[in-house]
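Build out the structure end to end from the sequences listed, making use of the hints.
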Amino acid sequence: MNLSDDLAWRGLIKDKTFEPKWLDTPRKFYLGIDASSDSLTIGNLAIITLARRLAEAGWSAVMLAGGATSLVGDPGGKHEERELKPKSEIERNIEGVKAQIEQLFAGQRHEMVNNLEWLGELKYLDFLRDIGKNFSMTELMQREFVDTRMGESGAGISYAEFSYSLLQGYDFWWLFKNKDVQLQIGASDQWGNMLSGVSLIRKKETSEAHALSMPLVVNKATGRKFGKSETGAIWLDPKRTSPTQFYQFWINVDDADVEEYLKIYTLLPKEAVNELMGQQKKTPQERPAQIALAGEVTAMVHGVEANKFAQSVTDYLIGKSPIAEVSEAALKEIRIALPNIKAQPGISVIEALVESGLAASNSDARRLAQSKAVYVNDQQFTKDHLEAGDFKNGRLMLRRGKAYKDSALIELA
RNA sequence: GCAGGGAUGACGGAGCGGUCAAUCGUACCUGACUGUAAAUCAGGCGGCCUACGGCCUACGGGGGUUCAAAUCCCUCUCCCUGCACCA
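With the first letter of the first sequence counted as 1, position 254 gets the number 254 in the numbering used here; the numbers rise by one all the way through.
Because the hints were derived from the structure by calculation, they are not lab data. For clarity, every value in this text was computed on a predicted model and none was experimentally measured. Hints may be right or wrong, so weigh each one.
Derived pair list, reagent style DSS-like, types lysine-lysine, alpha-carbon separation capped at 27 Å [as the list claims (entries may be wrong)]:
1) Lys-204 to Lys-179
2) Lys-372 to Lys-320
3) Lys-179 to Lys-14
4) Lys-87 to Lys-98
5) Lys-320 to Lys-308
6) Lys-282 to Lys-203
7) Lys-14 to Lys-263
8) Lys-239 to Lys-204
9) Lys-133 to Lys-203
Label pairs and their in silico Cβ distance ranges [claimed, not checked]:
10) Gln-370 to Gly-107: 31 to 39 Å
11) Ser-321 to Arg-240: 39 to 47 Å
12) Trp-9 to Pro-284: 21 to 29 Å
All residues carry an ideal CB built from backbone N, CA and C; glycine is no exception.
In structure tokens form, the structure reads like this:
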């Protein structure tokens with residue numbers, strides 16, 4: 001299947017400035033990544049996976065870290081002005097984000113650039129004359145982000161954030177001129193910014209350059225944007241979200257979403273996805289689609305070894321492999337992957353829940369205990385204390401709730 | 001600058017001197033039913049405790065009035081709406 005058909009089938013094309021067939025001749029494209037945090041989330045992963053697809057279809061990839069643009073802050077999709085981040089923090093963020101992109105592009109040819117390289121030395125007056133002159137204020141004012149921020153109930157917008165779109169347009173133009181980049185890809189909230197570049201190139205170079213946006217990934221069950229909420233964020237950084245937690249997240253995906261995620265987040269071809277969805281329909285309780293999804297995505301983000309390990313930890317979680325018989329080597333890894341504490345026999349369940357982070361406070365832990373939400377080694381647990389006999393070989397699995405993802409390892413001190 | 005209006009828990013939004021740890025909705029957590037799914041129903045949802053009870057901290061910041069304040073007064077900060085100023 002050629003690239004344009006594949007992307008259409010996966011639902012990855014929202015807006016574009018070209019005929020679909022144009023995609024099928026490989027050229028050079030770029031994807032800009034914001035550096036507002038030191039780690040990417042699965043929200044960013046969707047678009048990076050799209051970049052991977054283009055690369056595998058023969059396109060040359062330029063990955064742009066927004067060292068300069070992050071200093072200003074993208075107003076797109078935000079309801080109020082952002083806090084400016086210190087420069088040192090953004091530099092750190094860039095390093096973190098770069099490393100993750102390297103991992104995701106392992107074995108694929110790609111180029112990393114930082115727009116600080118050219119935006120950093122840009123002179124303001126030159127910018128106004130060369131770039132500013134090419135933007136119509138009328139057009140800019142009609143942009144949705146400006147409109148919502150400046151409208152009746154808007155929170156206002158600063159000149160700095162307002163100018164963001166022009167900077168991004170400049171990026172595209174610079175890359176077009178200096179690196180022969182002909183396409184920019186991004187999530188649909190970047191559409192306006194991408195068009196800034198397209199029209200700037202048209203005006204200044206009288207040449208064609210194009211933009212492609214993909215839809216924002218939405219949780220079908222709740223209708224909400226995916227991976228955006230602060231607390232529930234799933235990070236690519238294993239220090240923030242361990243590979244096991246990462247794997248568990250995908251295992252736990254709703255049935256309604258799993259097909260879409262397979263298309264967006266894995267490189268599995270159409271036939272394989274259809275095959276999986278067939279099985280999913282027949283035996284949903286075995287969760288074949290979720291298992292495939294979790295395996296594919298974890299392997300891509302954290303590597304094949306980490307994926308294997310996450311799968312084996314899952315076997316311990318669901319009691320398929322008894323935790324009492326875990327090998328010393330695996331145990332070491334589990335201590336990293338799961339919340340874990342050392343305890344004396346006789347420790348109260350409340351204390352164990354709080355210490356391990358499964359409960360937020362003593363009150364919270366008491367509520368959980370009262371509602372019979374405590375499990376030890378996959379069995380409902382109603383006693384107040386963990387006795388010596390509850391530990392098998394000096395350890396046990398403590399769990400909050402019925403789903404396996406909120407588990408912790410408790411070991412005898 | 002002047003005049004009005006506003007700031008309440010994760011969010012939206014009630015309350016306008018005691019019965020307010022604060023109605024309600026959403027989000028979130030747990031239980032039942034299931035499949036580590038969804039929907040539905042039920043319970044919970046500031047913290048702490050030797051708990052059908054008690055204590056602490058909270059309604060933008062600070063100060064006051066009162067036996068008693070989220071509720072009244074003063075003041076500061078920020079936001080909104082008009083008007084004025086500036087073009």
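(message) Hinted pair, alpha-carbon criterion (27 Å max): Lys-282, Lys-203. Please report holds or violated.
(response) Violated: Lys-282 and Lys-203 sit about 56 Å apart, past 27 Å.
(message) Check the hint pairing Lys-320 with Lys-308 against an upper bound of 27 Å on the C-alpha distance.
(response) holds, 15 Å
(message) I want to verify a distance hint. Is the separation of the beta carbons of Trp-9 and Pro-284 within 21 to 29 Å?
(response) holds, 23 Å
(message) Checking one constraint from the list: CA of Lys-87 to CA of Lys-98, max 27 Å. Satisfied?
(response) holds, 17 Å
(request) Mind checking the alpha carbons of Lys-204 and Lys-179 for me, to see if they're no more than 27 Å apart? (result) Between Lys-204 and Lys-179 the Cα gap is close to 16 Å, so the pair holds against 27 Å.
(message) Hint check: Lys-14 vs Lys-263, CA-CA at most 27 Å. Holds or violated?
(response) holds, 15 Å
(request) Given the hint that Lys-372 pairs with Lys-320, test it: the Cα-Cα distance must not exceed 27 Å. (result) holds, 23 Å
(request) Could you say whether the range 31 to 39 Å given as a hint is met by the Cβ separation of Gln-370 and Gly-107? (result) violated, 52 Å
(request) Take the C-beta atom of Ser-321 and the C-beta atom of Arg-240, compute their distance, and say whether it sits inside 39 to 47 Å. (result) Given range 39 to 47 Å: violated, Cβ gap about 27 Å.
(request) Would you check the hint for Lys-239 and Lys-204, treating anything up to 27 Å between C-alpha atoms as holding? (result) It is violated: about 45 Å lies between the C-alpha atoms, which goes past 27 Å.
(request) Mind checking the alpha carbons of Lys-133 and Lys-203 for me, to see if they're no more than 27 Å apart? (result) OK: Lys-133 and Lys-203 at ~10 Å, within 27 Å.
(message) Would the hint linking Lys-179 and Lys-14 be met if the CA-CA limit is 27 Å?
(response) holds, 26 Å
The structure shown violates the earlier hints numbered 6, 8, 10 and 11.
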